[in-house]
Every structure is written in structure tokens, then in C-alpha cells.
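Colleague: Chains as they are written, first to last, in numbering that gives the first Met the number 0: chain A, 0 to 341; chain B, 0 to 311; chain C, 0 to 363.
It is possible that part of the hints are untrue.
Here are the in silico distance ranges between beta carbons for each label pair [as the list claims (entries may be wrong)]:
| # | chain 1 | residue 1 | chain 2 | residue 2 | range |
| --- | --- | --- | --- | --- | --- |
| 1 | A | 29 | B | 196 | 13 to 23 Å |
| 2 | C | 329 | A | 40 | 39 to 49 Å |
| 3 | A | 286 | B | 306 | 34 to 44 Å |
| 4 | B | 140 | C | 152 | 31 to 41 Å |
| 5 | B | 213 | A | 24 | 25 to 35 Å |
| 6 | B | 196 | A | 284 | 23 to 33 Å |
Everything labelled a hint here was simulated from the structure, so no lab data went into it.
For each residue, glycine too, the CB sits at the ideal point set by N, CA and C.
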Amino acid sequence: MSSEKKSAAAKEPLVKVEHLKQYFKVSRKATVKAVDDVSFEIMPGETLGLVGESGCGKTTCGRCVVGMYTPTSGTVTYRGKDVHSLKGKEKKEFNKEVQVIFQDPYASLDPRMTVSEIIGEGMDIHHLYMDKDARRNRIGELLHMVGLNQEHANRFIHEFSGGQRQRIGIARALAVEPKFIMCDEPVSALDVSIQAQVANLLISLQERMGLTYLFIAHDLAMVKHISDRVAVMYLGAVMELADSHELYEHPMHPYTKALMSAIPIADPHTEDTRQRIVLEGEVPSPINPPPGCKFQNRCAYAMECCHKAAPPLEEVSPGHYVACYLCQKGKEAAAAAAEEAK
Amino acid sequence: MSSNEPIATTDLRRRFELVDQSTLNAEQVVRKNIGFWSDAWRRFRQNKVAMFFAAILLILIVLAIFGPAISGKDYITINGMEKNIAPCSEYWFGTDNMGRDMFARSWVALRTSLIIALVSAVIQLVIGCVYGAIMGSVGGVVDEVMMRIVEVFSCVPNLILVTLLLVVFGNGYPQLLLALSISSWTGTARLVRGQVFKLRESEYVMAATALGGGRMHNIVKHLLPNTMGLLILEMAQAIPNVIFSETSLSFLGIGLQPPNFSLGSMLATGQSSMTFYPYQLVIPCALLALIVLSFNVIGDALRDALDPQLRT
Amino acid sequence: MSEQTKPNTEASANAAPADGPLLNVEHLRVSYHTYAGEVQSVRDISFHVDRGEILAIIGESGCGKSVTARSIMSLIRKPGEIKEGSKITFDGRDVLSFSKKEMRQYRGGECGMIFQDALVALDPTMRVGKQIMENLRIHTNMSKSEAAKEATRLLGAVGIPNPEQRFKEYPFEFSGGMRQRAMIAMAVACQPKLVIADEPTTALDVTIQAQIMELLKRLRNEDGTSIILITHDFGVVAGFADRIVVMYAGQIVESGTREEIFYNPQHPYTWALLGAVPRLDWQNKQVLRTIRGTPPDLIAPPKGCPFANRCELCMNVCLEEDPAYTPFSTSHKAKCWLHDPDCPQEVLEEANQFKVKGGDPLEQ
């Protein structure tokens, strides 16, 4: 690859999601709008965090991105090609470059397999390291990379702890030399000390191998820690998207603020003195949601216009996108939107 | 005390020396490396009752193979001189109303019953497996239609269907096997379908798909190995059922016809002379009870041994 | 029995123990017998809970914290076993030798429990209101209508909107947060002196978690109920607990007041845990403190300190002998060889760079 080509590729987003919608029909009348008009881009080498509470559609969104689900409408492009219309060789190449790390380290590894069979699975599928010795060495290398060693290769997975299993899951994904990894709550099921292990591992792997991540989690602190940019999702829509530091310094959306203030901080003085925004109620059901802003019924600032039309995701400062009338170009815009809705 | 002090100090220093971090192994897995099957076998072995019945089953099978040769008596030729002899040193199980050695006959009958049960169970399993796997992995309309067919098969009364078949096609091994398997595969098909559905949604199959594994890969690498336990269980439960059905049919006289015989036809003959020669009924009866009991106990033990939820 | 504690039943947030601690656990040892051998889940721990106090037991999965909770409720069944020599005293009475009747009064009456997964802990076939009523009727002599009224009041008190309606619904009709609230209502129905909350918010979203923790705190402040909170999350503990017990591999490695644990921790494991949680006010991608490897399998607990082979300050002695507790104040103690008077200066200096918080250098 020539250097010009490389720099051009750096400017192009690796993954581009446009107006992605994923609806599931649950009965004749009810449709779950798991993902409702989501757009974002992921640059090569960066980590985009996707954060939100359970049921906000972040996992569904992630699975659409890696082609596990076929979206109801909208497109996902990887390196300029539509993910959902890939065929044959291209599809296979896509499957090699794009990998997934799952949440549950107990459910995502086949209980009948040994560690080397699990890690070697991808190699077999893509015919990598076909030579027996090369294969064994490669598995040893991968195990070493995730902090385990060759001794573990022939063991069955049920003897390992959650953290060890998750690292085996990471080794499996790395085995096919991917470029982009969708991490679906990779640390949520793990113990605190182990979460740090896995988080550090993901960060160092990214530095070493130039990986791109889509990092999905409900833990804002962890997402902020790992990601370069963070998108906050609520009920199938992106509420706010910004550089992770910017998001922490200047959260704008009322939901982001509430989410941030709800995170417990491991410091008694801070905990005792901070003002907490406690949200009333819970996330409403995504079945046939009302029109307007998704957050309206828990929002302390809900205005009339919020009930009429959903605010679009707009750039309020460079790189900082918010979907809230409160933050968008003053009241006129809000009023105009309300007019439009009529 | 004071003379020992220098030694104590060096000892102390050694005691409180930092250990080279690279020598510490915090990833050690101390438990024994034990695979699914060896673990299941371990748990099965722990079940003393099941082990006892497994031994009995083994003995019965060995006798079914070699039993007739042990007594060395002819079990086919009618011998009018030695009818209805009670068990004695010459005829261990006595003779029947045609003067044939009951010992040899019993084992041959058991052999027939076992072979029929085994073949029929395998047929049932293969058909059910393929059918269920297709339902589960294709899904959609195909699944709907195939499921309706299963329902049709399972709602026709079994006995009537079987009797009808035997009456229309006549008696004989192939007909009997057909009759015994005609509707029993539906249960297996449903079971396999459910399992495939469950596994298809499991994260490790998703992970394999994300790695680029095709349908065939997933079936061979994940679905089959994870369904194996279930199939063995199904087999262990199907065999005694088939033995029972076959026995009932033969007992009613619509199963095997002479000169072929099984435990069922022996029971039928024994029953007719029950009042005077009870041993002619008791012996095949005992054999039948023993073999079915063995299979059932082993089946239960297998369920416990193969259930990963019970893993301790 | 109730006479004995009369002066305290009215006590509100007053944590002063009038006649000894409410709960006293001494030398508790619990083992589980599995095919691979005896798993020593809890290995000789002692702690107490004062009246009106919130005690947090913190530790990773498998450290024995849930087993401890179950032991206090006397819920250990085969293949588990509470070993001889263990002693649990509640309000001056020996829990392990309770008669069946006393036990019934104790469980759910004097001591309530909140589980992690409300969907499993609540009976799916029974209306929520009825479940609370049942509990009330077992432990008090309320009439049916009184119990129903009380149950409705409780549902309202734990913040469930329109309790009359909710009273008649089944657990599956509740959302996760509501179910947890219902379980809290059930646990506190009989005004217990102690509530054990086993990871009450782990399965919930943060915004809901904040609500539930508020509720539990209110419970203590208003009724003076003692709470044992079992969790793995230092964040939850920081704003909530009075005292903290840190467990590792079936032992208590450090215990102290909230301030002592957070601002002057003394055990390398506590340091590591405090440094392992990313905080919003930290730099991005800053390397988190990690603890290498995995906790030891308690089927074969290590001979020395259980943390030794994950510890950055492991000394020869750590691998050989289990350290004793070193007291730092009346409430604060830790179990580590670093605090042995013989520990050389250079190791202590080395240790200083691993300490996370608190200004005081490590000195005796």
C-alpha cells in the first residue's frame, strides 16, 4: 500500500452507519423499534463507545454493524462497501476483518471444545496456519498475548474463571487478524479487578495492532475510559455524540447529565457532597413509542415541542452532536420545529 | 540467644525478600482437566444402582449372543417326547409345549427383541434427527409445514396405525420395523428442532458465524457435538419403549409369526399354559422386566450424568 | 426475647450499640463438598454489625461474600457445610442452634434478605401483594385485611407508583427496578433489625441503581435498620456504607470505616481494587491498575497469603506463612506481612509507590 493511499484511507471512515433502523415485529400490532434512525461513523484506529441502559438498542445496533442482523432500513458500509450486500469472497474477507467479542464469557464459548479448538476455529475457517506446528505456535502466541500460556491450550473451558474465559474469547477474535472489533459489553460480566485487566488488554492491543473498536457498554465510566468518542443511546436513538473528554466536561443532553450523575464514584467525599440528578421512572417500552423525543417522559425540561417531533442530532460545537431542542440554536429553532410538526 | 542473632537476621532478610514477580503463576488452574464425556462417565460411575443394572444389561446381552450355544440344545426342532418339562439339570429353564429347550429359546427371543429395538430406535433417531435439524435450521414456512406433518403423525392413534400397517403389509421383520418406527420419530424430531433453535441463538454459534463459519461448519462443529448427549438419552429411552411395543404386538399375535419368535410370542404361548406350567410364562416375563428395567435405570442415570446443569 | 432489646427497637439512626453488636460472626468457616474435593469458601472470618449500621462486604465473585450472607441467614444446604467452631450470634442468641420455630421467626422476620435477581427470588405464580401479605401473616398476627393494607402501604413506601393496582399484579408484570423495590418491600415488611442485601443493584441500570440505593439509605435513616450490603463495586459503597469489610479468597483481608478504607487503605489488594475502577475524572486510556491472574481456587487454598502470587510486593514469607491481622485503629485492621515489625525499610519504600490514596506513609 502506498503512503498516499494510506493517508487517504485514514480520512475515510472505516465504518459508516446511515439512518439505521431495526424493527422487530412482536405481534401483528406491536413493533419493537430497537434501533430507530441511528447514524454515526467510525474512523480507522479509533474507538467509538456506545453507551446506554439495557434495552436502548446498543447491542442490536452493534450486531447490525457487523452484519449479524439485516436492518429494516438504512445502510452500514465498511470500507465503502455495503455490509449487507457482500457476497462470496468479499463476505469472507469481511468476516475475517470484522470480529466480535461477546458479553457473556460463559455462553460465548462452546462447552465441548478445548481452548485450542476454540482459538483455532477461525484459523480453520479462513485456512490460516494450516501447518500443525505453525498452528500450535500461533495459538501459543495468542494465549500469551492475552496473558495465558501454552499449558492452558488443551484444557476444557469450564475450568476457567470468567476473566480467563473472556480473554480466551478475545484470543479467538484476534486469531483471524481482524481490523475492526465490535466489543459487546466485554467487561460487564466480569469482576472489577478483571475488568481492568480486560480493558487494559483491549487498549494495548489497539495500540499494537492498530485495531478499530466499537465498544458497547452500559458503564459510562468504562466507556469513557476506553473510547475516543462516545455516543449515548436512549430507546433506540442517539441522544448525544461527542469526544469522550468533551462529553464528560460538557454534557449537554439532560439524559447524559442524569446518567453521569448516577454513576457512583469510589470516593466518599465526592459521594457525600455531589448533587445527584435522580431520574424518575424507568426506560419506557420500545414497543410503539410515542412520537417526539424519546426521553420526554423522564425529562425535567420537556417542552411542548418535545412531544411533537423528535429533535434531530445536530452539531452544536465542533464534533459535539446533541439531539435536544434545549441545546440547539436557542428557542427559535425549537419553536420552528414545533411549528413544523403541526 | 544472642549468639544466634546473626543467623536470625540473615534468615529474616531472606524471609522478607521480594520475590521475583516472573516466578509467580497466578493463572494456574488447579482442577483436573476433564472433558465433557469423561465427566459424564465419572458421574455415571458414581451412580451405584445404574452401574449394577449396566452390569446386568451387559450379562443379558452376552447371554443373548452366546446363550443358546451354552446349553447346546436345539431350539427349533419339535420334540414330542420331552414336552413341558419343568426346569431341571437337563433343561435349565425347562421345555415348552412342543418340547423345545426354553433356555436356548429365551436367549434367542431376547436377541430378536433387542435387535428389533435397536434397529427401530436407530431408524427413529436418524429420521427424527434429520427431520428436526431441517426444521430447526431452515425455519420459516418450511418449519411450519413440516411441523404440521409431525402433528398429523402424532395425533393418529399409534396402535391403530400399527395394526393397520401389519394387516395390510403382512408380517415380517421389515414390516414390523416400519410399523414400530412410523410415528415414534416425531418426538425425536421435535426435540432436535428445539435444541437446534436453542443452539442457533447461543452466543458461541453466533461467534462462529461472526468468524465466517458457514451452516455446515456450525452443524458439524457446534450443533452436533452439543446435541450428542441428548441423542444418547433419547436412544436410551427409545429402546425400552420399542421393546415394549414389539412385545405387545407379538403377544397380540400381530407381530412376528412362527417360526420367528420374540419375547412377546413366548409370553403369548406361556400365557396359554400358565395354570399348569407357570415357568413358561414367568421366565420370559422376568427377562422382559429385567431388560426394560435396566434400560430405564440406565436412561435415568444418563440424564443425570449428561445434564450440565447438575455439574458439581 | 424482645424485652432484651427493647431499648433499641425505637432507636433510629443512632448507631451506638447499647448492649453489644446486633450481629456477631466469629470464626465462620464454610465448605462445599464437590467431586473435586472440599472447596473452602469461607475460611475463618469474624466481624460484627452494630445496630443501625451499614456494613459493606466487598470482594470479587468466589471470595465467599455471598456464602457469608447465606450463612447468616442459615441458608447453607448440602453439599455446603458450616464447619464446627463457627459462631453466629444475632441479638445475643446463637443463630446456628435455633429451633425450627425460632428460625422461622428469624428468617424474614428479624432478618430480611434482598437478592440480586428479583425474578428468581419472587414466586412467579403469586401476586406480588399476596407474597408480601404471606410474609406479614407468618411473622405477625395481622388479620388478612390488615396485612393487605400494610402490604399496599409498603409498596407505596418503596416508591412503587399506584400500589393498589400493583398489589394485584404478578412479578413478571413488573420492570426490573420495580421488582427490586417489591423485594425490598417484602424484606422490610416485618420491620427486621437486619437486612442483608446481596448485590441488590448489580442487575440494574445505573439510573435505577441510584434510586434503589437512595431507598435503602432512607430505610436505615428512618427505621434504624442495620444493613449488610454485599457488592463488588467500590463506587456503590463509597456513598453508602459506614464500615467496609474487604474479602478475598474466603478471608477478610482488611476492614475499617469507610474513610479508613478509602483514604488510608493498608492492604495491597485494597489498593489494587481502588485503582482498578475507571473514574470519570480520570484521563482517557490511562492504564488501569490491574491485578494479574485469577483468585486462587479454594479447593486448594495456597499455604501462605492467598493474595501472594498476584501481589506486586510478594515476599518469600508471603508464600510460606499466612499473615496475622495488624490493627491500625479500633476499627481498622489488615492482614499483610508488610505491616509486620520485621518488614525491612526498602520493601516499605517500594510499597509506597503502589499505595493509591492517603498521605500517611506506611509506618508502624
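Colleague: Look at each hint and say if it fits the structure.
Modeller: We went through each hint and held it up to the structure:
1. A/29 - B/196: 13 to 23 Å: Holds, since residue 29 of chain A and residue 196 of chain B (Cβ atoms, about 22 Å apart) stay within the stated range.
2. C/329 - A/40: 39 to 49 Å: This hint is violated: roughly 58 Å between Cβ atoms.
3. A/286 - B/306: 34 to 44 Å: The hinted range 34 to 44 Å holds for residue 286 of chain A and residue 306 of chain B, with Cβ atoms some 36 Å apart.
4. B/140 - C/152: 31 to 41 Å: Given about 54 Å between the Cβ atoms, the range is violated.
5. B/213 - A/24: 25 to 35 Å: For residue 213 of chain B and residue 24 of chain A the Cβ distance comes to about 28 Å; the hint holds.
6. B/196 - A/284: 23 to 33 Å: 25 Å, holds
Hints 2 and 4 from the list above are not met by this structure, while the remaining hints are.
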